[in-house]
Structure formats: C-alpha cells, structure tokens
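Model the full structure from these sequences, guided by the hints.
Residue numbers (full-length UniProt numbering), protein chains in the order written: chain Z, 1 to 682; chain Y, 1 to 682; chain F, 1 to 682.
Please keep in mind that the hints were generated in silico from the structure rather than gathered at the bench.
This structure is a prediction, so every number in the text was calculated from the model and none was measured.
Possibly wrong hints are sitting among the right ones.
[As the list claims (entries may be wrong)] Listed next, the in silico PhoX-like pairs over lysine-lysine satisfying Cα-Cα at most 20 Å (straight line):
| hint | chain 1 | residue 1 | chain 2 | residue 2 |
| --- | --- | --- | --- | --- |
| 1 | F | Lys-533 | Y | Lys-333 |
| 2 | F | Lys-243 | F | Lys-3 |
| 3 | F | Lys-579 | Y | Lys-333 |
| 4 | Z | Lys-333 | Y | Lys-533 |
| 5 | F | Lys-243 | F | Lys-2 |
| 6 | F | Lys-234 | F | Lys-3 |
| 7 | Y | Lys-76 | Y | Lys-390 |
| 8 | Y | Lys-579 | Z | Lys-333 |
| 9 | F | Lys-333 | Z | Lys-579 |
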Amino acid sequence: MKKPVASEQFELGVCYYPEHWPEKMWEDDYRRMREMGFTIVRMGEFAWSIFEPQEGCYEFGLFDRAISLAHSHGLKVVLGTPTATPPAWLTDRYPEVLNVTYEGVTLQHGMRRHYNYSSPKYRELCAAITTQLAEHYSGHPGVVGWQIDNELNCEINVFYSESDHIAFREWLKQKYVTLDQLNEAWGAVFWNQTYSDWSQVFLPRPTPVPKQPNPHQALDEKRFISDNTISFAKVQGDILRAKAPGQWVTTNGLFGHLDSHALTDGLLDFFSYDSYPQFSSISNDAAEVNPLRDRGWGLSLSVVRSISPNFCIMEQQSGPGGWVNRMDMPSPKPGQMRLWTYQSIAHGADMVLYFRWRTATMGNEIYWHGLNDYHNQPNRRLREAAGIGKELAGSGQAIIGSVTEANVAIVRDYDNEWDGEYDVWHGPFMWQSNKEWYKALQHKHIPNDVLYIREQTTLAELARYKVLIYPHPAILSDETAALLGQYVQQGGKLVFGCRTGYKDTRGQCYMRPFPGAARELCGITVEEFTMVKGTRQPTSIQWNGMPDTGADAFNDILHVEEDTVEVMGTYASDYYAGKPAVTRNTRGKGEVWYYGAVFNEEAALNLIEHLGLRSPAAEWLELPAEVELQIRSNADTSFTFLLNYEETPAVIRVAGSKTDLLSGEVITGEYTLEGYGVLILQ
Amino acid sequence: MKKPVASEQFELGVCYYPEHWPEKMWEDDYRRMREMGFTIVRMGEFAWSIFEPQEGCYEFGLFDRAISLAHSHGLKVVLGTPTATPPAWLTDRYPEVLNVTYEGVTLQHGMRRHYNYSSPKYRELCAAITTQLAEHYSGHPGVVGWQIDNELNCEINVFYSESDHIAFREWLKQKYVTLDQLNEAWGAVFWNQTYSDWSQVFLPRPTPVPKQPNPHQALDEKRFISDNTISFAKVQGDILRAKAPGQWVTTNGLFGHLDSHALTDGLLDFFSYDSYPQFSSISNDAAEVNPLRDRGWGLSLSVVRSISPNFCIMEQQSGPGGWVNRMDMPSPKPGQMRLWTYQSIAHGADMVLYFRWRTATMGNEIYWHGLNDYHNQPNRRLREAAGIGKELAGSGQAIIGSVTEANVAIVRDYDNEWDGEYDVWHGPFMWQSNKEWYKALQHKHIPNDVLYIREQTTLAELARYKVLIYPHPAILSDETAALLGQYVQQGGKLVFGCRTGYKDTRGQCYMRPFPGAARELCGITVEEFTMVKGTRQPTSIQWNGMPDTGADAFNDILHVEEDTVEVMGTYASDYYAGKPAVTRNTRGKGEVWYYGAVFNEEAALNLIEHLGLRSPAAEWLELPAEVELQIRSNADTSFTFLLNYEETPAVIRVAGSKTDLLSGEVITGEYTLEGYGVLILQ
Amino acid sequence: MKKPVASEQFELGVCYYPEHWPEKMWEDDYRRMREMGFTIVRMGEFAWSIFEPQEGCYEFGLFDRAISLAHSHGLKVVLGTPTATPPAWLTDRYPEVLNVTYEGVTLQHGMRRHYNYSSPKYRELCAAITTQLAEHYSGHPGVVGWQIDNELNCEINVFYSESDHIAFREWLKQKYVTLDQLNEAWGAVFWNQTYSDWSQVFLPRPTPVPKQPNPHQALDEKRFISDNTISFAKVQGDILRAKAPGQWVTTNGLFGHLDSHALTDGLLDFFSYDSYPQFSSISNDAAEVNPLRDRGWGLSLSVVRSISPNFCIMEQQSGPGGWVNRMDMPSPKPGQMRLWTYQSIAHGADMVLYFRWRTATMGNEIYWHGLNDYHNQPNRRLREAAGIGKELAGSGQAIIGSVTEANVAIVRDYDNEWDGEYDVWHGPFMWQSNKEWYKALQHKHIPNDVLYIREQTTLAELARYKVLIYPHPAILSDETAALLGQYVQQGGKLVFGCRTGYKDTRGQCYMRPFPGAARELCGITVEEFTMVKGTRQPTSIQWNGMPDTGADAFNDILHVEEDTVEVMGTYASDYYAGKPAVTRNTRGKGEVWYYGAVFNEEAALNLIEHLGLRSPAAEWLELPAEVELQIRSNADTSFTFLLNYEETPAVIRVAGSKTDLLSGEVITGEYTLEGYGVLILQ
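This is the structure:
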C-alpha cells in the first residue's frame, strides 16, 4: 500500500489556490512555476463550497479547469480533501458538527477547524464529498496524490461537543469493558469520583479550580482524541484507497493529541510536515525559549523522519508569516529560505512545496507571505526559489530515497507526552531535556534520530542505535523496560534522567522504589528527591574528571544497589552533598546511565564524552559549532549536508577532497561557507 | 441647527446629582456654586428610576424642584437623558435589551451600560422617556441644553445580543445588497467562508483560536457599531430637536467604535469630552506608556477640537479618581486641577464642568472625588476651583469663540483606527507614531491639530495646513490619494510612514506594489520590508547632515521610481544597508515624504527641521521644552497659552511686552512661570 | 458543649484513607503508626460512595473493619463527614446541587467541592448521610470526634447557582425587611440601580466591565456566603450533637468568605487548621511576597488561636506537596518537618495529624507526599516523625492546655477583610501592614496575638493586651470606636494606619472628616491624602529622634485638632513637607496613634520602641533575629519555644539556667541551636 514520496526526481513545488485568483492569471502562474523548476502543486483543501455550493450539488468545473491547465504545463497536482473548513450552509444546518470549548461555548463558522470529529453527520458529509472528489479525480492523469483534511488538530485539539462525550464513553467501554475497571484505572476512589453508571462518565468538564480533571481521565482523553482523529481520517483514507488506488495519500501536520505514527501506518503512504522555522524569531526571549532558533526546527524534522524516513514538506516557509493579529514575524534574510529548504532535505524530505504561490490579499493570512507579493512582480523570494529549483533539477535525482544516518536517538513516547501536558513533575522536564540534548548533539555535529517507543517497537529498531537517550519516561511499563533491557544486553547504551519509571500506563504510581520499572536496569534506587524551584537554592554535580554542571530543576538522590554500578557524579552541596547524582550500570554488553536531574547542555556534553559519541565526519571534516551536519545515504553514496545558520561566513576544513553536489565545486582544505550557506558534499 | 457652546460668557460649572443628597442640602450647594463663579450644572443622566419608577408612570417632582432651585440661584441646567442606566424593572421585564459578550454571557443589571443599541424594545422605551423629559422641560427657562445618554461606548463597545446580530445583517444588506458582494468584500472564498444565505451571516462569533474573525467582517463590525450607536442616539436627538428646539444638544465622550464626527454633524450642536489627565499617572510604567503624562491629554483634546472647534468639557477632573477596585490614582497636586482646566481651554473648550460637586458616599465611584469631600467642609480643591471661577469671570468673555491656530495636522481616519485594532501590522504603529510626533511637536512648541479624513473632507480643509503627518494609512483609497495629491500640488507638505497605502477600504490588499494608492504620490515603491521584533536586530537610519535615528518596529526598503525623488536617509546596516529609508518627492508646489519605519521623536525632530516647522511665537518667546504653547485667536486678538506641566518653575523670556489675561500682569523679558503655572499672553 | 482538644496527652497522628489501600495493608500500617507514637487517625472524609454506593443504600462494612482494627491498635479515630465530595450518582441525578461560576458555567463531577450550600436537596442528602454515620458510629469506642465536611470554602468560595440567588434574596429579606432599606443600604440610587421588586435582586452577575458589582452588594454577598456556609455546616453539626453527644466536633480550614469565629462558637468544640508552610517556597519571588517564608505561617496560626486558644492541626505537612499541575513544591529539608510541627505547637496546637500516612498513587494529589512513599519502605520522613512522636510522648502532657502569652494583638475584622477584597483603597493595605508588623514583632521576639473585633467583643478581651495594632479599619462603626475608646481610657495603646474609620458597616462613606468614626479617638482630621503609585514619587517620614522611614503606598496629611495630640513624625518632602504624618493622642490612661501611611517594618520598629514593647524574655535571653520566640503557659509553668527557621545554626545566650523540655538538657550561657532546631525552655 505504501508509495514512495518521490520516485523519479526531487519534487519541488508550491501551494496554489486557483479559486482565489482571476482565472486569467492561472496560465501565467503555471508558466512561471515551471520556469522556476517546480513540478508539483497542492490545491483544493479549503474549497468545499466550490465543490459543493449547496448540500448534495457538486460542481467540479473550476478545479477541472485549474487541474487540467496545471497538467498541461507539466505540473503534478496534490488534491486536499476540503474537510478542514465546512461550508456555512453545513454548520448552519447541522450545528451538532461544531466543536465546543471546555467551558461550553460552541465554536462557529468564521475561521477554520471549528468542527468536531465525532458527529456522525459530519463524518457522513465528509465521506460524501471525499467520495465525489475521489470518483471524479481518481482517473485524472494530473492528480498524483491526496492530502486528507489539513493540519489535523492544529489550532485546537480538544473537543467537548455532545458527540464527543458520547464517543469518549463508547471508547471507554471498548477499553475497560466494565465500570469497575474504569474506576480502578482512573483511581476513582480518590476524592470519591467512583462511577456507578456509564451515563455519569464524560470527558473532563469544568471544575472548581479550572482545568483540574482526574489525571488518569485526562490521559485517556488524549488517547481518545488521537484514536478519534485517526478514525475520522480513516473514513476519508478508506474511500481514497478504494476509489483512487493509483494515487498516493498523505496528510500534513505534527500537532498535539495525535499519534502521527499510528495515523501514518494505518492510512498514509507517507507523512507530510509544514515547516516554518521563522516561528523561532517571533518572541523577544526567543533566544532563551529556543536557543538554536531556526536550527532547532531540525528536532521536529527528526520526529517527522521517525514517522516517514522520507517525507514531504507540504508547506515550506517562503517569506514572513503572520495572521492579522498574531504570529507576525520578521522577513527571512537573503539565503534563509534556501537554507531552510535544504534543512528539510537534509533531514529526509524528498518533496518540498512552498507555502504559497502568492500572498493572499484577503482573509486572516494576508501577512502569511507567499513567493509572489500581492503585486505579482519579480522579487527576491522568487529569485531565491528559482535558484533552488535550478540546483535541485541537477542534483535532485541523486538524493531521493536516501536516508539519514545516526548513531544516537532521542527516545520519546506518546503516553509521556500526553501525561506530561498536565503533570508538571515530568512533562516540562522532557521538553527541556530534549532541547538541551539536541543543542549538545548539534554543536558536536552528531546527527541524531528521534525514536518513538510504541507497542510494536522491536529490538531491531532500537539496535540500530549505539546510544538511546530517554530523558524522563515517568510512565514506563515493565514490558518496555524489558525491551530496553534486551537492547542493553546486546550492547546498547541507554541514558535516563530523573523521574524515570515511576508510573504505569494508567498514569498511576507504582508501589515500588523509584525508578520503578527501571530499577533493575539502573541498579539504583532513588532515596529522596526534590523539586528545585522558588526559594530552593540549586546545587551542582561534580563529575569524575569532567567539568561540574548544574543540577537543574529536579534532584534525585541516588542509592546504589548493585555491584555493577559506578557512581559517575555526585551532588556538590546541600544536605545531600556527596550523594550519587549520576550512575552507570554495566549490563551485558551495554550500559544504563541514570542522571538524577533535568539535563542541560553541559551535562549532555559530559555524557557524550563518556558515551563515546562523535561526529561521523570527524576524520575528514573540521566544522565550527554553528554549522549543522547531517548525512543522508543510500546503497551507493553518502551525502554530507553542511548548513550554516549564521549570517556570517563559517570556515570549515576538509581533509582530502569532496565535491559539492549543488555547485559541482571540488572542496579541499580550508573553505569559507557563506552566511546561510549550504553544501552537500560527496 | 448648530448652537454655539457659549455665547455670553465662559461657562464654568459642575456635575450635580440632587437625587444622591438630602433635599435640604441643595440650597447650600447651589449658593456655594454661585459664590465660586459657577454658571452651569449637569444633572439627571443616571436618574431613570426617579423619572419613571414603574413602566409608564412618570414623576418629575424631584427634578422639578432641583432645577427650579438651581435656576433661582442663577444656574443653568444641562439635562442628561437617563438611557445609560435602564431601571431594574426594565431589564428584568425585557431581558432582550441586554448586551451579550462575545462568549455568549448576558450582561445584567448591577453596573451601568449593560444594554444593547439594537433592541427595538429598548429604543421604544428610550424614545418614551426622552419624549416625556423633552415635553416636560423644553419650556423650562433653567434648562439650556441636553446631553444624550452618557459616554456612549464607554466600558464596552462590542455587542452580541440577538438583536445585534439581526441589526448587523440588515446593515449588511443595505451596504452590499447581494450576498455575492458581501462574499467578495469579505474575501469569503478564503478558508471557505462563503455564505449562501443571509441567515448564515452574523457578527463575529467564537472561533477555535479565540477572537480571530475574518478581518473584513471585523472592520465592518466596527462600522456597523458606529452607525448603530449613532442611529440609537438619533432616536433621542430627533425627539429633542422636535420637542425642545430652543435648547442645545450634545453628548460626552470619545470612545471606541464610534465616528464622533458623524455623530456630531448629524445630531449635535457641539461635542463634549470628559477630561481626566491623571489617568496618565496610574501605572508604574506610565512614563514609558505615555512619556508626556498629563500633557499628552492635549492630543485627545485635539481630536475633540477636530469634531467641534469649540467644545464643552462635560467632566473635568477635580480630584483623585478611581472606582472601588480600579483606576485608582494619586491626588492631583496643588495647581494641577487649574492647569488641566486651562489645558482644556487652551485646546478649545468654551465650557467646563467639573466632575463632580461632591464625592459620592456610595456605589462604585466613591473614590472618584468631586470638589467637595464627603465631609462637605472647605478644602483645597474648592479653593482652587473658586480661584479659577474668579479668573474666568474676568477673562472668560474674551476667549469664547476664539479658535486654535496650527500649521500642522496629524491626520487620522476611522477606517485605519478600526482596522488597526485587529491588524498588528499597522494599528499599533499608528498609535506609536502619533505619540512620538506629538512629543516632538510639543517639545518644539509647534501647535498641531488632528484632522480626520472622511468622505466629505475637502481640499480647503487640508489646505489650511502647511504640513500633514499621516503616519501609517494602511487603508488608503485612490480617491483619498487623489485629494492628498491636490493638497500637495497647491503647496502642501505630506509625510507618510511605513505601511502606507496597501489596503483598500474593504481591508483587502491591493495587487500593486507598495505603497499602493500612494505610489504615484511618493514616487517610490517598497522593494522589501520586515517586522523588527523578536530576535531580529534593529538597524538605524543615516540622514543627510542630521543625526542618525533608530529605524523602529518595521522597515520598508525603498526603491526610487521618479526623478523628482530625493533620498533623505538610508539604512545603516543589515542586508539592506545603504538602501533608501526616507525619501522626498517634489510634486507641484509641495512635497511628499515617505519614512520607511515607525516614527520616533528623534526622526520627527529631523523631519520638523526639514519641513521648516517652527514655533509661531519663535520671534518673541523663548520657552523651555516642558512648557506647552497653544494659541487661540479670533478676528481681533490672539491668546498665547503657556502651560507648565512640571512641579518646578520654568523660566521663559518675552521679547517686547505682553499682558497676562488672567492676572493682568505685564510681562517683559525673563519671567518665572511657577510650577503648574499658566499664562494667557496677549 | 465545648470539649477540650486533648485531655490526657498530646495527640499526634495522621490522616489515613483505608479505602485507598488493600485491606491486607491496614494491620501493618496501624502497627507502625503506634510504634511511631501516633495516637489518632482521621478517615472517611472523601468516602461518601463507600458509605452510600447508591441513593439510600448504606454500607458500613469497610469502615467498620478499618475503625475497629485501628481501635484494637490503640488508635483513636476522627471521622470526616463525606460531604465535600458528593457521589457521581448524586450530582448526576440532582444537578441543582452543583455550583455555578459567575459567568454561568456549571461545575461538574470530577474534582471536589463542586456543590453549592443552598440547594435544599443537597442539604437533605447531607443530613441523611450524616445521620446514618452518626447513628452508626456514635457508640463506637474508637471514634472520638468528627470533622464536618472538609476545608469549607477551599478552592472556591463564591456560588452562583439558582439556589444561591434564591437563598441570597431570602437572606436579604431577613436583613433589610423592606426593599427601600435594601436600596438605601446598597446606595442603589447611584447609577440607577434601585430595585422595585424583590425578584430583581440577585447575587452579583456579569457586568460590562467584568466583576464590577455594586460594592455594598458585594460586601453583603460575602456576609451571606459566610452565614450560608455556617448554616450548611449547622445541619450536620446539629445532627452530630444530637446523635453523638459524647464525641467532639470540629472542622478544618481557614478559608475565605467564612466567619470561622462564628462557625466555631456556634457549632464546634474547637477549630482545626491545615498547615503547609512550604507553600512559602513555591514561587520565585517568594522572598518578596512573604519575606518570613515558612516562619510567616505563624501569623495564620495566630488567627487560628484567636478562634480556639488551643486547636488541632488536622493536616500537618509531612513532605513535598503538589497537585499534578500546580502547587508543586520542593521537599522539606531534614529537620523542617519537625520544626513546623513545633511551630504549630508553639502557637497553640494540642493535636497534630500529619497529612497523610502514605502518598496517594492515583488522583490529583499523587505529589502531595505523605509520610510513607509509594514504596512503603523506611524513609527520612518516617524517621523524623517517629522522633517527634518519641519526644512528645515524654513532654506532651506538660504542654496541653497551656496557652500563648502576648502583650500585643494585631486587630482584624471580617467586614474589612471582605470589603477590602474588592476595595483596593484599603484591602491590600491591610495585608501589607499585617505582614510588616508581623515581621517587626517576630524579629524583635515579641509574641503577638491576632484579635478579631466582632459584635460580641468585650472590653475585657481587649484589655488583655497592652497594645492593639489595627492597621486600616476603613469600616469602623461608632460602637466599635466607643469600645476602643474604653480600651484606651483604661490604659491601652491603640495604633491606627491610614484609611481608618471612613466607612460605615454598609461600606458607605461617612459624611464626616476622616478618620470618621475614629476622629475623636485620634484627635486629628485628615486634611488631604493621596495614593502613592504610578508616576507619583514617594516621600518619607521624619520621626522625632528616630530613623526616617518610607511613607508607603498612601499618605494621609494630618491636621491636629486637640491639645492632647503630639506630632511624632512629619512628611519629608512634596507639597505636604512638614505636615504631620504620625500623631499620638493621650486619652485617659492610654494613647491613640495615627500613622498616615501603610506600615513597613521600619515604621513598625519605631513604633515598637515608642510603645515600649519588648521581648518577654529580654531579661534572660539573647536571640538572633532569625529565631522565633513563643511562650505557652499555664497556672504552673511557662514554656519558652525557640524555633530556628534557618538551615544554619544560631547562637543564643541564656542568663541563668533553663531546661529543654524535649531533650531534658540544661542550658546555661551560650548555646548553639542547630539549623531548623527547636528548644522548649522551662
């Protein structure tokens, strides 16, 4: 069922809205796209009223003409199903399809994504329009693929309509069968929340202190939303598979409360992502919030890659962004748009579409700039995109299908992400540690993957990595711990941080010493612990023969239980001065590390040293910290991507000689990589 | 229809609430008012329940006595229609008259201004009470004028009751006639918002991301609210004109979502304003928010003057203010109350009423201090007011009817104000630039007007000014651009800032190079632009022979298109270093300036120099920056107001000899103006 | 009716939830409790569904077994009535029992305390379960007392269900009898709020500016809530008195909108409090918010003591706290748990129960750590508690029933607390001044009480204190002023701050010179005043022969009216430089001070000197400022508690020789009190 992202050439393209522009402009638009080297356009994802201006009356004329004209210019077309924006007639006639806020306010027509996934009526109407579109366009030679809906769970990812409460209840019945089991799983005996009839069970509802639901219910809520989102998308996916078997199916996004891995495995040929690195420059404290700025987008791209080794960027930033009153951002500087395009490719993209061809002159996104300005005259962004088109036309074929190489993976899982949204005793730590590890690995030029542990994860998947960093898996089942144990036995190195292993998959705490399910793996217990906040003074960690580092945010005070454990760092002060803070347990051919705090870059650098991680190009390449290194390779060859995120040039040094795939230039010895410059060395 | 603000004498007075006090106090109150030189009182505007204790039962006894007694003391009376506070019986019986929040919460009896303007029932009940009042008091010799309602659109200026949705739909039908035209104007094709039936059209309603309506709908919403407010006021205005033709009609306020110019032109004899300069001292960062502090109130007074060349201050601050839990402010220092009174007069007031006679002992405004304290004993504020009464009794007649003189106007318009509430790509810039220009002009002693460009604005109105500053008119019609072109041709100098001219009156972007409708006027295009925020480092502007200035908040990178254009400043750094930032286009006898950023005081000072603006008293008067200069003049004479906003004395120097209207003192050479002191030189 | 807190021994114990744990664990739990010296457990307060799994079906089996087993281990049992958490079946069947927010959102099952006190149905169901419990357990020898509900008014203390509006209306009818009197009391003529029918009267409802009700209505709202809470508790209290006369009755809490004095006088044997001093370490600016940190908890304990001279700590912090997503706090350091236990005792506790035996593994409070960790193994907290148990077993009997000694009281009253919640012109000043006075008194080792002035307060109650500090009683009746006058006449010293005495008990302002009802007492009037905020520069006060101090937040400018008044401080600058800021009026044998600003510690220290206050142990004990001194005494002996709140040791010096009750150690001369150390000297 899976189809490749790109099979003949690297696909470069753009999002296009023929319905927004006078039809007489289309010809010129398509012509210029082709001249710039574009091969693909996306359209249709917000056009339900064009396709079905009244219920049951379908009109394909406008898009028939738009698609055929694109095709005649040699452009492939991706069609979006238009279900992200129901027509006014639909929500007016069937208000039960609307989403409702936690406080009970019904969301109305006027923006987008105001519907719920549970309404049988909405599913019926979505099935109808998808069937019509699939039947009409499945045979069109210009249409190569489909995007289901648009950015599922963007903008809002909670749902409290009556249909949602009912669907949640049904989902719970499937999961727990009996109310007793539900009460047990939700710890309902606490605060007398025990349910005596299914009709008493709802999604979280308003509480005296706002948004303080039962935490186990809150975790199940997110699991339900994810399953419900996938089930909503499946209605369309099944129709597209049945009616349009020759065209591929994807969707775009990476949003909350959605297991994108399950979505992709179950329904899609590959996953797509919308990449806007300039979000990193919006806030005044951006440097603090995201110290890697636009380079930090690579971590999200790594997640996308964990879903689809090769993927599509359905929307690649092509200018300043912003809605009318929010997300307003500076213009990318010359070179940045190109840099970000290659950032996507370096991380695994085989298809990139810019968002969008021409800036909208109306609506909420008039400042979400496309390649063309309102005036439709030549500009810097068009020139930059055309340059990329030209480069990729030359080198694009070589790259497609090649996959990234990494020795280390940052491990995540959905249970902890979802539980950690509510639980501040581990959730914020996870994001902090991911960011700090990513900084350290990037600065050391050690490419990493992200790996989501799921029920179906195999030892083989883990064993591809020498090192796994699993920062704070508060929820850890014994089954997962056993799998990780096998990984270590066969030689893997595994790193945990504080707050590991103390919860079961219901989000209840094990009645065991910390780190709970990871105790045997680590060979230690946690004697005591403390939040480090407020008036509590932080301490630091003294490492054996390495620089001291701060013991951030939370301190587990460790107690060694096994002979195989070596203490690698101790706390420097406070009443637990001298107690173990970092331990290493040798098991089988591998090692398990326990680090008792939230990670910072300095601690990660110490660990990188201890774990023996280094740049895969260390032998032939000297790079300054500000240049990113990524490697894509296939059976034949290996592509070393170098990306300079700074405005100032960076000096690199190549031992021996390499060729830049983009320019064909041969590089030997010292070389100056221009500001925002890119090399793909072979 | 228009009646003058004051015809015989400067009217000084006070707001009075006879219903709040034992009747036995009235006599003493009126006597003391007269002794202090007061000539006028306002009353009745919150007394509906007194006039109509039950529906249809009218009782005028209390106010008959209060008005007659005032009249017998020689005090004129302004009567407020009491429609700002409907009686409890009214909202209880007719809940459809209540306003509703965006989220759907109905506002209830218990504060004030909780009604909507659209309910036919409320209009009917307002018409009834107004008719009764007008019939009863039109012949009363003590009653000289009427205030319609009180502070229209204060506290809340959005309306979402069912009546409002219906009225909006009707307003749209009038404006657009067909749904197609509505869909076109609102760009409804974007995000599939197209309406197929009028019943689907509403005022903005809750959206998944809160308060993110269609921006064109949001602009029409404000226009509707303004028209609806005026139409609500017109019901009363028409009754008062018909029933009480001998009395003048005004209303007080300067609040959002209301075209006060249209309101005044259509319904009023003159406009009134409530002036509370101490609002400038409430917040700890007041110096940052409003660097001119109380002096900055002059900008609002300039707006009032643009509506009525002479006006009434219906509420002049007479002490510390504050509701029970908000707007709490320090007490004015000795002299400040007097200073602020003359600030109002210097800007055009011919009538000033203090708010209020005696501080309320009950209700939300117990800290909104009147002239009298709760204890009703002599105090500093009463002494200060009596002093003003005495001064004005001498000089008041000379001033009335004289109008302010200015060579420069800051230009505004309602479309941009209303669009800019939502659109952060120009709205905040407008307020910032207005503030910075006002600072520069004030510090240079260059009096300015504010001019609202409206459909009916004529060349003659513009041509009264040598210079027009129109900071960031994002919305600019070709008609307005043409009018401005004529202004320049005849010799005017026009200054634009960044973000000029790119939107049409629907708030949609022109498909033209920036500055859109102003392109020909300016002789330039905008090659590129960027927000300056977040991690983006700001640059500065290098001026020809003048100090560098910061290029704040937004940078337009200019491209000169015409020979008539001279580059007056260039960017100092970043990838657009050396590119034009400031240009001057010579057209006809005039000039058009384009300044590519948001204005700051330093840039305004450079431009003031270039534009040849200077103090009209420069030849005979030396003033320190902290003293304000305003000029009012009539056919015979010119009054130069000097206002010292500092607590410390200011040294001024007069060449030749002038007489202070207030003290009769002759001033020659160096003179020390006391802290908070005032002079009116002739 | 009143029973003592403890009669035979100091009761140390713990909160226990048998329903949360496998029954097989109970035996071990009880055994270990006894080994640690515990004598009492609380249980049952969240177990309604266990007792009544379906409406009208009662089951006592689980708690019968749990209580009997506890009893057989020698543990006394306190039973909570379970009405803080209604069962799911109850709120599902009778939704009228639910509380509703101000905005109209109904609070639902899923957290706790989501019910209202007004619903007749809820009162009926609470009466039924309480009757069942009382009948069942009144004869049980293991059950010694009852806790009504749990933390009344915690989490939410406002109520807007339909039942609440109705109950408020009834309460008002009782209070005012006629609508005219209501209108008068609420100053309804202001802003035309006059009511013409009782059906128009509601609790505060949504207003155009949110939460801006009529202030007199807002004050009555709090009085109503307090009365309504007590009336709700009385239903249970009456049943318990009638059915279980041999067992004591208490409840725990100290929450808003509740007159805990009236509650205790009317219904309880003694009051209980839940003490969590680590709340003081949660926020980063904790040092600013609460400069005394955990030591500041003593002020709350002083309030508890004003309700019950001896009291119970029903929940004493036993580890780090926190819900899943809020109130997360660091772990107490070794010794702090013990320190806080003795803090409670030093302030009057005769019974202390730790919260809780074992940390919950499920629900919102999984991070509200009990003595036992999830793993149920020995830990530091258990060891620390066992040590305390051992100490108190030795010394506990000596202490019980002894009461604290203080020469000075900080005076408060409910009217001002409740009015000051809304009124920022006095409410925030009260809290600030209380905090600053408490700091000064603590640092000078002068124990203080808190005294609530109520209708039934007698001269004898006041006369126990040499000095009364009544910082900012804006509301002050002439009756209270007269009582205070008697206090002064007989030799008392009374200190007022700014904003004293200007409101009557309706919250309306007297038509008298400030300080209104306190004018005669103080012998001064307030000539003028000002908020000190925003751009207003603060001034300072020059004292006669004492250091200058800041004149914070508000400045009353005083005018001396009587010969008996001496000016003790004047303002240093601004237009009121040299005017009186602090005065002392000699009346009878006493003094009345008026301090024209909000207190700070420095001013309080000057006043302490003037008032002749000093440490009661000054003659024999030298203490550093960081050590707290409290004294409890009975007919026979006096216990001097010394508590070191710092981690570092403190050096004290004893003249002569004293014995530490806890260790039996004899202390003479210099002694080093360890970090977090405690002494009870005899």
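Problem - Index of numbered hints that the structure contradicts, given in increasing order - result: Failing hints: none at all.
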